[in-house]
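Novice: Residues per chain, in single letters:
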Amino acid sequence: MRIGRYLVRRLLQLLPVLLVIATIQFALIQLAPGDAALVIAGENQDPGYIAALRDRFGLDQPMPIQYVTYLANLARGDLGDSFTYGRPVIEVIWDRLGPTLLLLGISMVVAAVLGTALGTLLSRRVGGWLDVSASIVAIGSYSIPVFWLGLVLILIFGVWLRVLPTSGFMSVTGTHGPFGIVGDVAAHLVLPVATLASVYVGQYMRLARSSVRDALREDFVSAARAMGFSERTILFRYALRNALLPIVTVFGLHMGLVLAGAVLTETVFSWPGIGTLLYQAILARDVPLVTGAYFVVAVTVVLAALITDLVYAMLDPRVEYR
Amino acid sequence: MSARPLLEVEGLSVRYGVGSTSLVAVDDVSLRVSRGEALGLVGESGCGKTTLANALMRLLPDGASTTARRVNLDGVDLIEAGEGTFRQEVRWKRMAMVFQSAMNTLNPVETVGRQMSRVARLHAPKESAQSQRERLNALLARVGLAPTVASQYPHELSGGMRQRVVIALSLVADPELIVADEATTALDVVVQAQILVELAGLKRTSGLGMIVVSHDMDVVAQVCDRIAVMYAGRIVETGQTDQVLAAPQHPYTAALLASLPRLTGGKSRLATLSGAPPDHPERMVGCRFAPRCPLVTDLCREREPELALAPSGDLARCHYAGDERLNTIWTVPE
Amino acid sequence: MSTLARRRTTGLAESREFFALLVSHVPALVGLVLLAAVAVIAATAPLLSLSDPAAFSGEVLAAPGAAGAPLGTDHLGRDMLSRIVWGARTALLVAVVSAGIAVVVGVVLGSIAGFFGGVVDDVLSRVFDVFLLLPAFFLLILVVALFGQSLLLITVVIGLTTWPSSARIMRSQALSYRSRVFVEAARAAGAGPFYLLARHVVPNGIAPVITNATILMGQAILTEAGLSFLGLGDPNVVSWGRMIFDGRTYLDGGAWVSLVPGIAMLLTVVSLNLVGDGVSYAFAPQARRDPIVEEAAA
Numbered sequence: 000m001r002i003g004r005y006l007v008r009r010l011l012q013l014l015p016v017l018l019v020i021a022t023i024q025f026a027l028i029q030l031a032p033g034d035a036a037l038v039i040a041g042e043n044q045d046p047g048y049i050a051a052l053r054d055r056f057g058l059d060q061p062m063p064i065q066y067v068t069y070l071a072n073l074a075r076g077d078l079g080d081s082f083t084y085g086r087p088v089i090e091v092i093w094d095r096l097g098p099t100l101l102l103l104g105i106s107m108v109v110a111a112v113l114g115t116a117l118g119t120l121l122s123r124r125v126g127g128w129l130d131v132s133a134s135i136v137a138i139g140s141y142s143i144p145v146f147w148l149g150l151v152l153i154l155i156f157g158v159w160l161r162v163l164p165t166s167g168f169m170s171v172t173g174t175h176g177p178f179g180i181v182g183d184v185a186a187h188l189v190l191p192v193a194t195l196a197s198v199y200v201g202q203y204m205r206l207a208r209s210s211v212r213d214a215l216r217e218d219f220v221s222a223a224r225a226m227g228f229s230e231r232t233i234l235f236r237y238a239l240r241n242a243l244l245p246i247v248t249v250f251g252l253h254m255g256l257v258l259a260g261a262v263l264t265e266t267v268f269s270w271p272g273i274g275t276l277l278y279q280a281i282l283a284r285d286v287p288l289v290t291g292a293y294f295v296v297a298v299t300v301v302l303a304a305l306i307t308d309l310v311y312a313m314l315d316p317r318v319e320y321r
Numbered sequence: 000m001s002a003r004p005l006l007e008v009e010g011l012s013v014r015y016g017v018g019s020t021s022l023v024a025v026d027d028v029s030l031r032v033s034r035g036e037a038l039g040l041v042g043e044s045g046c047g048k049t050t051l052a053n054a055l056m057r058l059l060p061d062g063a064s065t066t067a068r069r070v071n072l073d074g075v076d077l078i079e080a081g082e083g084t085f086r087q088e089v090r091w092k093r094m095a096m097v098f099q100s101a102m103n104t105l106n107p108v109e110t111v112g113r114q115m116s117r118v119a120r121l122h123a124p125k126e127s128a129q130s131q132r133e134r135l136n137a138l139l140a141r142v143g144l145a146p147t148v149a150s151q152y153p154h155e156l157s158g159g160m161r162q163r164v165v166i167a168l169s170l171v172a173d174p175e176l177i178v179a180d181e182a183t184t185a186l187d188v189v190v191q192a193q194i195l196v197e198l199a200g201l202k203r204t205s206g207l208g209m210i211v212v213s214h215d216m217d218v219v220a221q222v223c224d225r226i227a228v229m230y231a232g233r234i235v236e237t238g239q240t241d242q243v244l245a246a247p248q249h250p251y252t253a254a255l256l257a258s259l260p261r262l263t264g265g266k267s268r269l270a271t272l273s274g275a276p277p278d279h280p281e282r283m284v285g286c287r288f289a290p291r292c293p294l295v296t297d298l299c300r301e302r303e304p305e306l307a308l309a310p311s312g313d314l315a316r317c318h319y320a321g322d323e324r325l326n327t328i329w330t331v332p333e
Numbered sequence: 000m001s002t003l004a005r006r007r008t009t010g011l012a013e014s015r016e017f018f019a020l021l022v023s024h025v026p027a028l029v030g031l032v033l034l035a036a037v038a039v040i041a042a043t044a045p046l047l048s049l050s051d052p053a054a055f056s057g058e059v060l061a062a063p064g065a066a067g068a069p070l071g072t073d074h075l076g077r078d079m080l081s082r083i084v085w086g087a088r089t090a091l092l093v094a095v096v097s098a099g100i101a102v103v104v105g106v107v108l109g110s111i112a113g114f115f116g117g118v119v120d121d122v123l124s125r126v127f128d129v130f131l132l133l134p135a136f137f138l139l140i141l142v143v144a145l146f147g148q149s150l151l152l153i154t155v156v157i158g159l160t161t162w163p164s165s166a167r168i169m170r171s172q173a174l175s176y177r178s179r180v181f182v183e184a185a186r187a188a189g190a191g192p193f194y195l196l197a198r199h200v201v202p203n204g205i206a207p208v209i210t211n212a213t214i215l216m217g218q219a220i221l222t223e224a225g226l227s228f229l230g231l232g233d234p235n236v237v238s239w240g241r242m243i244f245d246g247r248t249y250l251d252g253g254a255w256v257s258l259v260p261g262i263a264m265l266l267t268v269v270s271l272n273l274v275g276d277g278v279s280y281a282f283a284p285q286a287r288r289d290p291i292v293e294e295a296a297a
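Residue numbers (numbering that gives the first Met the number 0), protein chains in the order written: chain A, 0 to 321; chain B, 0 to 333; chain C, 0 to 297.
Simulated from the structure, these hints should not be mistaken for laboratory data. Check the hints yourself; a few may be wrong.
Label pairs and their calculated CB-CB ranges [as the list claims (entries may be wrong)]:
| id | chain 1 | residue 1 | chain 2 | residue 2 | range |
| --- | --- | --- | --- | --- | --- |
| 1 | B | Val17 | A | Ser132 | 25 to 33 Å |
| 2 | C | Gly147 | A | Asp45 | 23 to 31 Å |
| 3 | A | Pro15 | C | Ser175 | 23 to 31 Å |
| 4 | C | Gly64 | A | Gly104 | 39 to 47 Å |
| 5 | A | Pro15 | C | Gly64 | 52 to 60 Å |
| 6 | B | Ser44 | A | Phe235 | 33 to 41 Å |
| 7 | A | Phe235 | B | Ala145 | 28 to 36 Å |
| 8 | A | Gly3 | B | Asp241 | 44 to 52 Å |
| 9 | C | Ser175 | B | Asp61 | 27 to 35 Å |
Where is the CB? At the ideal position from N, CA and C, for every residue including glycine.
Isolated chain A, as found in the complex (with noise of 0.2 Å):
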């Protein structure tokens, strides 16, 4: 219904942003210095998998049809085999999909929940040396380069106290510790989300600060005043109530930054994400793995934005005539 067709709205206008991708990618491996096949093969060389590949991606066809053949293929979730893996690179990064939305999610949801915490409680005193010192604090917050953050946590947790595991998702000894398997990546995964959510809670901070203000400035919050509600009621359910939206438009509009910022995190702590495995792609040049990490960030971004557009949507009833 409402927000039924709204959300097919949004899907129309994000699936171009699909196809801007992928024709930049296409565009770009066409530009490459090289024929597109070698390109495409990366350091394995041998003519009959280069032979293959022309004939997967129509390589000895026309532009047009190579371009259409590009964009089914991606459609169709073929994205190239990755050579250091000797597996569809779908497959390869499907493996690692776990991880990095455990960690993302993780320090995304502490990041927004802190942050906004933090920021509406900041709301209500304007100037001061608190306000001015929190503001600092956030800028400090978004300025700090991530992997840096995570390099300076581990000197601190891992080589001075010694007190926190600081790479991989779980211990190789093969026992867990006290709290079991779950206890054990949970103590893995401290120091990661601390490090990821670090970066992002100073401009949840800042948003909430200044959208909660601009909430307390509205009509309705003097009205509900009037009516007799508590200070507390009147923070929380009017102004925070809309304070939100703002602040769940940024948490959509951020995620691909985000993802990167995952993507460095991971690998300061070796955690055994899309990351990592990005940056081992790097390293062995592994052309189809990077171009195949990117296809699915860019998916991933745009899913985003549209989970993003659904909770907009769920918490302002006003959107569908936006």
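Once you've looked at the hints, dock chains B and C against the given chain A.
Specialist: Then chains B and C, alone, in the frame of chain A:
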């Protein structure tokens, strides 16, 4: 009129800011409203009427300070009430407000029903869901809305319907006094008339006291029993509506009345009130209306008149209250 | 004529107030000083009598304060101080050029969209939305992996992937300026649309775009560093990101190799963001809105 008034205000002033930049928006205003009575508060924008309304609800921003000799609601001294008591005991339960812009008064992201029931729950926490629903539906019916409106969002309603919702909302906690601040200004004339009839009906049937704040003399004349005209922070004339309409005693009231379109009356053109209210009326020595008044004399510039009994029986703040030239000063004969 | 003259005088008064506000904003001032320091150091790097950033001196992983190396040496015995200074050149170069590209592209497309409106606006706005969703960092990785690791290429691609935010801000500015009295007056006097854009709309509306550009500059520095950290930076220049990467295996016993360039980068990006903040508040003190919010709302 013989019974004890519902609301009694004496010597209420509101000052914005401090020191040399401060501004007195409401200056020593006294008024009273009885049960079942509507008092109209009229004046140009910036005359202090909205500030006065907000001061009564204690809704002024932080920079404003309110002083009064006496604010009494049904025998209870409101000056003595602390912030918490005022919020829990007075706001909405005894004194509710119908705000200027209905679109912005309602929370855009919640249904009408949710908003109404949250207010109902706040002021009657023990009420059963069943009885609450019945009561809210009855309220909606009372302002001419179907119960289905409860499941709708504010943006789905027309301006008139939203304003009705806001009126229904003001009645949720069964208050004794309602302050309506430009409640119909944003609406078109037809809807405005319907809403005004409803407001007047509410007042009669439930014995509500009402303060109707408006820049529009026409609106006030339709609903109110008495009128208080404000100019530059002061009440310049107050009296029974029909009396004020028939024979304005203050030149400013006469100007507001002259600006109304009339069905009867000869062919006369209106002379418009030129100029604007003073920025800092509290710094003036004489009558605050003197700079814009066609009847002005040296006396007016030197001494501010008191609010005193005028020939018609109204109270007016003018040295020349009831002067016969009042009928002609704002009309230009052909 | 008179409108123009009046605008000029208010412009003067505004700029005086503007500076008063900027200076009164202490964090912005701190940012400005820091940024100026980084810029001066970067600009004069060849004149400073520093050792060659690429030269291998005798001692490997000398601690900061060691003879001849105030910030120590790295795992190959190169002087950290010299590498930090030369790294600043790289960082600022990437920042200025890429943000410059983003501003130019964004201002041109954004002002056209906002000024002309209608179908032009519809089409361009859709283009902005599409490009805003492109994952810039990953596109950059792909480009570098396919075309080679050159600083120029990296910088240009950063610029070409970050312009949509400038465009959206410029669009809303143009939208609000196109019907202002002084624009209408010039239009009535017979000025063509591109003259109006160049002489009135863009000069008057560009302020928030410039503010946003300082944020983009910070982002660009972080992006280049991230790329270098993945080993995809230009091997022929000194990059703070690469230095941090080099130090990751020496955290135990040579932590400064990673720590020092990270601190340099943090200070540079913080100063850019502080200045951007200060400028945006100075331009619109009454609004007191965040540039981030502005971006979300644009």
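Novice: Please go over all the hints and tell whether each is borne out by the structure.
Specialist: Hint check:
no., hint, result
1, Val17/B with Ser132/A: 25 to 33 Å, "holds (28 Å)"
2, Gly147/C with Asp45/A: 23 to 31 Å, "holds (24 Å)"
3, Pro15/A with Ser175/C: 23 to 31 Å, "holds (28 Å)"
4, Gly64/C with Gly104/A: 39 to 47 Å, "holds (44 Å)"
5, Pro15/A with Gly64/C: 52 to 60 Å, "holds (58 Å)"
6, Ser44/B with Phe235/A: 33 to 41 Å, "holds (34 Å)"
7, Phe235/A with Ala145/B: 28 to 36 Å, "holds (31 Å)"
8, Gly3/A with Asp241/B: 44 to 52 Å, "violated (58 Å)"
9, Ser175/C with Asp61/B: 27 to 35 Å, "holds (31 Å)"
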